[in-house]
Amino acid sequence: MTEVTFYFFGILTLASAIFILITKNVLHAALSLVVTLLSVAALYVFTNAEFLAVTQIMIYVGGIVVLIVFGVMLTNDVSGKTIISGSVNRLSGTIITLTVLVMLIYSGQELTPIATKVHNTASIENLGEHLMTTYLLPFEIAALLLLIALVAASIIAGHDLQSKIS
Amino acid sequence: MALISIALVIFLIPLTAFAMNVIAPKSRARTASYISIILLLISTILSSILLLKIGSESAVTRMDWFTVGSYTFEVGVLLDFQGVLLLVIVNMVSLLVHIYSVLYMAKDPGYTRYFGFLSLFTFAMAGIILSDNLLMVFVFWELVGLSSYLLIGHWYSKDSAAKASKKAFIVNRIGDTGFVVALCIIWYQFGTFNLDEIQVLMESSQLQNGSWVSGLSALPAVWLSFMGIGLFLAAVGKSAQFPLQVWLPDAMEGPTPVSALIHAATMVAAGVFLMSRVVVLLDLTTLAIIATVGSITAFMGAVAALAQYDIKKVLAYSTISQLGYMLIGIGTGAYEAALFHLFTHAFFKAALFLAVGSVIHSLHALKQKHNLNIDAQDMRIMGGLKSNLPVTFYTYLIAAFSLMGLPLFSGFLSKDALLVASLNWSAAVGQLAYGVSLLAFATVTLTAFYMGRQLLLVFFGDFRSGFSVSEIQEGGWHFKVALIILCTLSIGFFWSFNPFDYMSSWLLNTLPAKLNSTPQFDLEVRDATNHSFVGVGSIALVMAGVLLAWLKFKPGKILTFAESDQLSFLERVSINNWYLDKFYERTILSFIRWLTLVLAQVERKVIDRLVNSFGWIGVIFSFVVGWLDKVFIDGLINFSAFFSSQVGGMTKSFQYGKVQSFIIFALVSLALIIFLIL
Amino acid sequence: MIPAEHFYYIGAALFSIGLAIVLTKRNAIMILMGVELMLNASNINFLAYNKAGSLDGQFFALFVIVVAAAEASVALAIVLKVYKHFKTINLDKIADIKD
Amino acid sequence: MSTILFFLPLLLVFAVLAIYGERKISAFIQNRYGPMETGYYGLLQTVADLLKLLQKEDIVPRVASKALFLVAPFVIFVAVFAGFSVVPVLPTWQGASINTGVFFLLAIVSLDVIGIIIAGWASNNKYSLLGAVRSASQIISYEVPLTLSVVCVLVVTQSLDLQVISFQQGVLSNSYFADAENYLFGLSFANVNTTEIGGVLTWNILRAPVLIPVWIIFFITTLAESNRAPFDLPEAESELVSGFHTEYSGFRWAIIMLSEYGMMLLTSLLGVILFFGSWNTPFPNIGSIKLASWTTGEVGSMASVFWAVLWLLIKTIIMVFIQMWIRWTYPRVRLDQLMSLGWKYLTPAALVLLFFSALWRLMMV
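Chains as they are written, first to last, in our numbering: chain A, 1 to 166; chain B, 167 to 844; chain C, 845 to 943; chain D, 944 to 1308.
Warning: the hint list may mix true and false statements.
Taking lysine-lysine pairs in the DSSO-like style, the calculated list, with each CA pair at most 30 Å apart, reads [unchecked claim]:
# : chain 1 : residue 1 : chain 2 : residue 2
1 : A       : K24       : D       : K1009
2 : C       : K928      : A       : K24
3 : B       : K332      : B       : K479
4 : C       : K931      : D       : K1233
Part of the chain A face toward chain D, derived, beta carbon under 7 Å [claimed, not checked]:
#  : residue
5  : I57
6  : M58
7  : V61
8  : G62
9  : V66
10 : V69
11 : E110
For the record, the hints were derived by calculation from the structure and aren't laboratory data.
C-beta: ideal position from N, C-alpha, C; glycine also.
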């Protein structure tokens, strides 16, 4: 049962990702991205990273994708015609992607298989404790990064201050 | 805990006074000085309370100061009887000098500066006394040197004062090199500067097979002597011992109260105090050296005092001589006798200086009144002042008796203790060591002679400056208060209930009997062998000295003062302080001057030429390089710029801002690199 | 238990698809989506190869998500600015206009 | 998982009754009768409406993006309904027992934005798109204070599991946690032990009174999250016709309405669980009068099931009533007022309260 679910979500991930690749409609791509991200969240659950799965849903699906959809809407004339995104570099892109894929799979076989994957279930307490002790520095840096991103994004996308002054 | 806070308050009060005087405006100078007097009064009272509380106990409080590598340096406060007693004396003398100075320095333009530096000096002195480790002692030691320098050069516009302060500073530095060397050896051997830890480590260390073994490491035994001599050298500098005593007479260029405080009572005593702190570290060789140097200094100082005409110089040489006595005490193992003499000397010598200051002040007033061209410090113009300066005279008399070592006065007790110790030591060590005792006893007579001479010249006979004595007026209550208190404390009764027997002194009985932990040193110095003999003998010697002085300078006798070229050989030796200055001038200074001249020649002839020729070579070389630069390198750069612009023109065609193309190029290159590596 | 290699292959495939999107799409927002896919692919591997008894992989993935959020916000802000300026977010057109 | 058997029918019944209730309440607030004709006192009015809706034609606008237009209502409904999966009903009956329950709930709730955007976009209608954009920006903005106010509760409860949070707030806390101690107002130094007293005294708002202002923030933000007045800008009738669901009709429109009422129910449930004692009785044990124990029942017994469901539903319906009451009492806010309220007042206030909650937690141990 677990295997079946896993492969279902794995295939769903890849299928929806491929859909993003082949579709021309940007909005369809964005919605397909939702499916991809949700099924990736499901894959996270199989690695006992329940918290991360929920985080993935909350931040990616509830945040980033909504932002992307906003971006799509704000950067197109809302005049009825569907938003089409063409492709470039088809040949070279395909070749390079396939090369990278082959390299990745080839190097994947070099990996030493992990014999038994006995995860300790990452309880929230455990995660929180580590976040405040072992990973305090990255945690603080991430907080700083978010603040900087917040300020930066609002300044970049916000009103043009100079034109306002003049 | 209460003790330590009292000690810290005492420690910080002078610093507060210093800061206050420094920032006080000129218009509030007098108020500021009175506030410092009140502050010092408080700290005197507090230190007296501390003295009563501490008794014969000792207490150490310390905390970390800074860490270098794995070594942690500490700051701490050491409270023990001898230190607190000295603290009382420093504060008290400083207080009296402050009071005295209010009048003495009243018209001085540097009034606030003067009081500020007095307080700074008191602060530094308290630092030396309270520090529990040698590093802090060293720090405050230097601060004391600094404030002494500042005070000697108080009238810095006067050339002689500026020179004297420089001299004092430089001579002290010579001694301090010894201190630094000793500190290095101590750190290497013990790994600590804390006095109590050093004492414990020293007691547990041994001399075996010519090496000095302590808990931490072992050194050849000679380093123990080096360390002791280094510490002693520091004391030699600060306490004006042979051969570095030359700065002290010149230091009389400072205001007289400063001489009383610094160059009689406290700062010069710091050397002796340091010796008493580190007495555990001194081995037999060092002790012998200390005793010898002390006796030589005592004798030389006394001889130098014999023929001086400057009223303050007499006292300056006398101070040198008395400090020599104290070091005899240290050297002969009687550190407590040395401390005893330090304490008694502090009072009577301060009293003497202040009395002399009073005389100078009065004569100075006379000089200004009649616009005379006389030297207010020359004893040759004085005489018969006892009726017009009664308080000054009687206080001077008591202090002078104390200095001479007459019974019933404090000086007798301490000097007696020192003489007994030196005689015991000489007897224990052997024949040649009797020289030390001999010099010490000879000095007794000489002391009596020069003090008698000064007394007779200044206060008895006729006033020799051509004016009526009745025009001389004594200073105000400031002088009298300071003088009376100081001379009262010079009376023997304050120091011992039996003024004939130093053995019954409360001070000696409170001090720990024996501190020497030097291996092989087991001399019992405090036994009273020879006591009665020494006492009677020294009284006889004093009487002899006084008699000689009386015969030579008795009132009514017509005194003629020879010009300097008609003096006898002995007088010339005395008045020129054994020609030490000249000797140094001829030997060391002339050598250094010669060395500077030679080095200057070397500089000019060799190094300058070398530098110049280097410069020429450089100029020629740079011309060549400049030509090469213009032709070849510029050409190369121009060519490369041309080349790269051509290449850029070629590659521009596929670098036209398509982000994805960049990524493709990057990935292709990455793949190529990976394949090449694999 | 699912072997970690399977996670790895899914991650590799997802990464390649993301790369392909980044390389071939004209629309800047599409490229952004491709980047997100690549980040997700790496996260899958971080979680799958998380050492037993340790939480390093989870935390790495967590911080990747945080950074991705920051990246997405700033990137979209830039895209909006670009759109305001060039009236298009088609990268080819932007490159052409620039010249 | 089995709670779906409880919640799906509950949701349907609730929607029908709540729509009827809303009409009646609005009528009473506006001093009129409301539906009176169909059935006794108009009781069957909503059922009749529902039947009418189901028979209506499923219109898809010609220029709409057809697939998205069709699927969008279900996305919204699934997102809302998934939230019920972690809600506990009884001490012994809980949805998915995951230890990140609250977090999961918040994540799921944020998902329905996607559905709203799809619906608004796919309609290819200016009103719909404006409504969708408004809705999305509103939900994203108010998610921040909502999450922060929930975190305030989590700081006090020290758990993300809704069932654990439920157990903490009543007389059963000892049966779940061996050494659980509840003190009056959480002041452990005052040493008034309320573990055995239970009732309203052990609800979170009285376990830590700092949560009272937190609940006010929580309540305001849940109103915004479920697009209820006074934050119903996405479907502001006077401006946008009907917002993102302007073009919907018939069954799909019914699904959207169902989701909206489901969202109301879900946020009310969440509020009850987090602040008002979940399925615990409000009556305390007073001496030998064991009101709390009587109205809780032995765990596992039928009485327990009865009481738990009763208390949970009563409290939830009271919360829903308050939501309706506010809807018909307050005027709609402007968009800029909405944004400044969310970002400039609620978010900083929630941050400050988070700090105070942490302080309060220190007093509780």
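Results for each hint:
no., hint, result
1, A:K24 - D:K1009, "16 Å, holds"
2, C:K928 - A:K24, "23 Å, holds"
3, B:K332 - B:K479, "18 Å, holds"
4, C:K931 - D:K1233, "72 Å, violated"
5, I57, "4 Å, holds"
6, M58, "4 Å, holds"
7, V61, "6 Å, holds"
8, G62, "3 Å, holds"
9, V66, "5 Å, holds"
10, V69, "5 Å, holds"
11, E110, "36 Å, violated"
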